[in-house]
Each structure stands twice: as C-alpha cells, then as structure tokens.
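A.B. asks: The primary structure of each chain is shown beneath.
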Amino acid sequence: MAENIVEFRHITKRFPGIVANDDVSLSVKEGEIFAVLGENGAGKSTLVSMLFGMYEPDEGEIYVRGRLEHINSPRYAGSIGIGMVHQHFRLVSNYTVAENIVLGLEPVSKIFGIFPYVNIKKANHDIAELSERYGLKVNPTDVIENLNVATQQRVEILKMLYREAEILIFDEPTAVLTPQEIESFLKIVKGLRDGGKTIILITHKLREIKAVADRCAIMNRGKLIDVLDVETSSTDDMARMMVGRDVSFKTERKPAKFGDVILDVENLTVRNRAGFEAVKSVSFQIHAGEVFAVAGVSGNGQNELADSIAGLVMPSGGTVKLNGHDITRSSVREHLTAGVAYIPEDRHNVGLVLDFTLRDNFPLRQYYTGKFSSNGIISKSEFESYGEKLAEAYDIRSGQGGSTITREMSGGNQQKAIIARELDMKTPLIIFMQPTRGLDAGAVMNIHRHITAERDRGAAVLLISLDLDEIMDCADTIAVIYNGSISKISPASEISTDEIGLYMMGVKTA
Amino acid sequence: MLEMIIVDGLSFSLPLFIMAIGGIYSEKSGITNLALEGFQGFGAFTGAFVTVYLYGIFGAESSVPYYAGFLFAVIGGGIFALLHALLCVKFNANQVISGVVMNILAVALTSFLTKRINASMFGSNANKFMLGASSRLTIPIIGEVYPFEVMIVIVSIVMWYVMYRTVYGMRLRACGDNPHSADAAGINVYAVRTVAVLISGCLSGMAGMSFAYSVSANFSPDIYLGYGYLSIAALIFGNWSILPSLFACLMFGFARSAGSAVIHQLGLPSSYNDLVRILPYVLTLLLLVFFGKNNRSPRALGQVYNKGQR
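Heads up: the protein sequence lines correspond to chains A and U, in order. Start counting the first sequence at 1; every next residue gets the next number (the numbering used here). Start counting the second sequence at 1; every next residue gets the next number (the numbering used here).
I should point out that these hints are in silico values taken from the structure, not numbers from a laboratory. Source: prediction; values computed, not measured. Don't be surprised by glycine CBs; every beta carbon is placed ideally from N, CA and C.
To give a feel for the contact side, a few chain U residues facing chain A, derived at Cβ under 7 Å:
1. MET170
2. ALA174
3. ASN178
4. HIS180
5. SER181
6. ALA184
7. ALA185
8. GLY186
Model the full structure from these sequences, guided by the hints.
C.D. replies: Following this line, the structure appears as structure tokens:
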C-alpha cells in the first residue's frame, strides 16, 4: 500500500459571493495518477491551486509527505517538490527551450574564475540529457515562439523535472492538443508515473481519465462528491456525478436538409498583420441548413478566415459571396446588412463592450436603426424592453438584470449574451468561432442546441473550433485547415476523428 | 576636418549611447521609460552642484571635482529614477504618464533648486552652475577625447556583459517578455524591475553630466534639449539591443557634427547651427518610417504586472 503523499483536510476556500471549496478532504497516494474531475466552476482548479501556493485555504490544512505545510507561494511549493503546468503556458517566447527551463536556476560558471556568467552550453547539454532520460523530445536551442503547443507543453514538463519536482500537477493539459498529441501526452504521463512521480490531473474529459488515471475525485459546486477507482467505474457514472444529473452528451439532431448555396468562398487569401499569407486560396460553399465545421490546430489561419468573412479584415485575394452578392470588400456594417452574424473567439475584446451594461450590449449591431434611435437620439425604453426580451429568451442570468455591467458576468452568460445578440438578427449566415471555449458542460450543450436550431431554421452555419468533440457533435460537413489551406472537406458521417487528426497535423494532405 | 567630425561626433554619441543602454535596461525589464530626459537632467544637476561645491574646496585645477561630479550624477540620476520605479512597479501607475511627469518634475525642480542654491550658497543670481571646459586626453588614431568618453566605453562594456551574460540580465529580459513565467520560475519580478529602472537612472545621470561638460560647459535648464528622447529613438531603432543602438547613436552623433562642420566650412552664420541640430531628429524620423517596422518591443512592455492576476 502506497503512502499518502498529499492530504487535503477539511479545506474551505471562499471568494466574494461564492464558496469555491466546501470542506473538501481527500488524499493522493505516492506514485499514482490522480484525476480531479468537474465542470467549470466546480472548484477543482481552486483546490489544486492551493497545493501550488497560488491561494491559501481559509480553513483546513494541507499535508505533504505527512507534514503540515503552509504553502504561500509557488516558489515554496517548488521547494517541497511540487510542480504545475498551467493551462496557459508560462514560457518566455523569445528564449530558447534550454533558457526557459533553467530560468531561475541557471548554471553559472566564471570567466578567469572571477566574472560569473550563465553557462548556456552546459544548460543545453543538461537539457538534452534530461530530455533523453524522460523521453520528452525537445531541441534545447529552439526558440519557444517557433514551437507548436505540444512541444511547448513538453518544455513545461521538463521545467518541473529540472527542478526535481515529485508531485506534478496538470491543469486541463489536453485542451489544446490534437488527438494524436493527446495520445502521446497520455503516454508521457504514464511514463512519469512509472518513473515514480505522482501526477495530479485536472480535467473534464472522461475518456482521458479512463485511459490513464488510477483514481479520480469528482467535484460539483465546490463539494467533493466521491473518489472512485477508475478501473471499476463507468464513464456514465462519473458523468452523472460530475453534472449532478443524467446527461446525454449527444445533442439530438434531425438529419440535415440542405438548401441553396448561401456562402460561396472562392480562392480566399488573407494576410495577417505581419504580412504573411495566413489563409491561402481557400474555397468552399455552405448551404442553407448546413453546419460547416472547420477543424484545425490553433494558429493555422482560423482567426483570419473568420475575421475576413465577417468583414473585420480585408482579404488580399479571392471572393466571398453571400446569396450570390459579392461582399468581399464590404465594410463591417455592409456585411451586417447583407446578413452575416459573428460570434467571435475573443468575447472580451471583440464580442462585448465589457464596461457597458448588458442591455447596452444587446443593440450594438442595430442601435442605429429606426427601431432603437431616431435622428441620432437613442431610445432608452426600447433598449430596456429589448434587453429584457433577450435575457428572457436566452436565459441569461446576471446579478442586476439589464443594468449588470457585462464584465462582472460569468463567462458562460457573457457568451450567451453575444449569442443572443447575434442570433436574434436571424441572418442567413452565422459564424461561430470557438463558441464554447472555457465553458462548462451545461453551457456547451446549450450552445450546441442553438447551433442545431439555427441550422434547422435554414441558416448556413460556419463553425470554427479547436475542439474536435464539438465538431463531431455539431457538423454536417467537416473541413480541416492546415497551414492556411483547407486540406480536406468531407461529409461528417464519412470521416473519423483519427483521420481528421492526421489532416490537422499535416501528416495527410489532400 | 574629418578628425573634427569624428571627435565631436563621438563626444555627442557616447553619452547618448550610455543613456540608451539605461533605457534598454528599463524597457527590457518591461517598464516603459520616457523619463530618460528627466533622469539625465537631474543627474547633471546633482553632479554639477557637487562639482561646483568641490571647486571651492579643491580648487579648479584638481581632478577630484570632475570625477566626484560624475559619481554624484550617477547617484542623483539613480535616486530620481527610484521615484519612477516606485510609481510604476510598486503603485502600478501608468508608465507613460509617470515618465512624462518625471520629465516635467525634473525641469521644474532643478531650475528652482539651481537658483535657490546659487542665491544661498554662492551668492549669485544665475540659473546655472558654471563647470568650465573639461580637460581632454589624447588617444592615438582618434585624437582628443574627454575623459568621460573613456568611462562610458568601459561602463558600456560592463553593462553589455551584465545584460547578455549574467543571471541578472537573463532574468531581466525574461521579465520584459513574460513576467508570469519569470515569477513561476521563482524570480522576484518587482525587484528585478526596480533595479533595472535604477540602472537606467544611473546611466542617464552619467550621460547628463557628460552633456553638461561637452555641449555647454555648465549646468542650466538648457540641458533639457531632448537628448533623452533622442536616445529613446536610438534604442527603438536599435531594436532594444545594445550593439545596434550603438550604431544608431553614432549615426546621430556624426550627422550632427558633420552638419556643423559643413556650416562652418561654408562660412554660414552661426544661426544655421540651430538648423543642423535638428538633423539627428529628422534622421530618426526617416529611419523609423523606413526601417522601424520590423522592430519588436519587449512583449510585456508597459503592462502593469499584478502577481495575483492570471
């Protein structure tokens, strides 16, 4: 029987207006893979962040290797052998792999025995050795900003190993990886466990837990529901405990009925801000009543594609036609009147005016029309009634109703507000860019239902997502974008997740 | 004539360069620094005051006031810079506003103090500290140079080494790119940035004192002629790297001295010299328009760093 290496005893943590952890007690055994499962806001990140010293518990104690510890900073956590890979990597973009790993613990030599300097040669050598020893392939002299996400993640892992961490925490490690990268990540994690490390894995992906974890804690609304042996539990049980009710992860869908071509994109080329061709001669069509999904690894031109069709960015070549009408070089407002709704990826900077109230955010796309203003004077009463109508229809919850400042709303409700604004215009084309990023299972299902409903209404839907599960759930047609080109277009029923993954990584090309 | 251009050009370029290095330290750590102008003026003020004061004790012939003046210019610039560090690092003030305030404050404070000190200590009503011309050293090939030029060359080599070879330099550059990763690596971002701003003040003070000696032979509010801004232009043009910034500074210096030489050669009235003084600025403008596009500022430059924020 392995020793308990970490013990949480009666941990309670409160944030203003919310109890993030409510009397949570659990223990992690040395040398196991321990998963913490829960929806967004269930308190799993908070719990583990306290182990890494980012917060301190209001009540309760944390024991590490049987000793009571007051972990008040990540630095201290590091000194007792705890390392963490955050969801957003903490890497210096213009440093090399080796420089990033040794930062803070640099090998120092002396010129003529007097002048100290950072011995980069030794660092490169040490990191090459470390990478060899753990089978984590990196080239010490590569610069971070030129590396893909999976490699950057390996650098983060090596950073912990270089510091000789024994307890490794991963926060949503697979959110940004392709299926093949997830496979190899899971292998790495198993390898680390077999090498004697203890792994704590925060995730909401049941499949991965089933694949690697030994035990799994399930959290819901700040409370620990149960700790299960993964081998003897079914994913259905875990899902039910996580959400607190029965769920079906499949959205009910009627078969699609395609109508006329709504969006016709031909040889579209878009340059990004640095002047590179981020989208290269892309062509596709979307019909009425079709969900056309674009899969791809982040940074392969998705943003530029969405922005150019929505009119935020002027393409450098090709044409975009909506209902046979050329909108390639139209302004944003002309796109709007032509019938393009856009749910952008960056809901804070592009989607909302965060410091406006909820009701002022709703008519952002229509405020100038006769309905909301006359002679340049805004009709407050119309704003109010419209705000109430949308909040009601789309179930948007906010502290002070329409007068709530949107910055203070939860991510899920912010996204609902954007979706309400865009869908209420009933446009023939709707672009969804990463619509469920960072949202919990309930909100995700809600948005997927909206996507299906819009399709059934007869709208053409362009769905761009990094989440393959989302694409498999919603799409009628799947395209894969790689390096700015569409490498594959296929009906959703005729392509497998694995095959999409190969196209996403450029292993297979058309 | 060529020798004159080189000698004059160097005596202008090198102070500009050491100030640009100071700016690079601050900005590479992530703190926008528009305050170089104020730092150099304040440093020149403290340095000139100490020099004038020591003339009374050691006499004008001694070299003690000269070197003590530079030492105190470095200290004065550094202390003044700590105010910028306090506002930007500790109190999370907007760094651009803080920089502008530093500059205005330096002009007002040093003009006021110069007059008051002259009146109460030296019994004069002048608004300047007279330093007299600096002695010169003769160096083979280059010709006559001011002693401060030698100091600047030595200091700048040390600063290059610290920036690109030492642990501190590596951590400083990390703070300017991604302070969160620096923090996660156990680095005290606040301390690194405070020291970086302090260094920028010290180096600017040294530059200010050099200008006081070479351009005007006195300290007066005329020292606020925009040298600080010119060195910011040089460091941006040099893409926040020390060596390329040196070339920018040399170019500015030689443009200025060559312009003066041409005016002198043509026998034009000295009022045309004012026209020549704008040459470096015009050059900056043109160069930034044509070559500045690919330059990349440190990623976290100007962003307030809050530890708790994720």
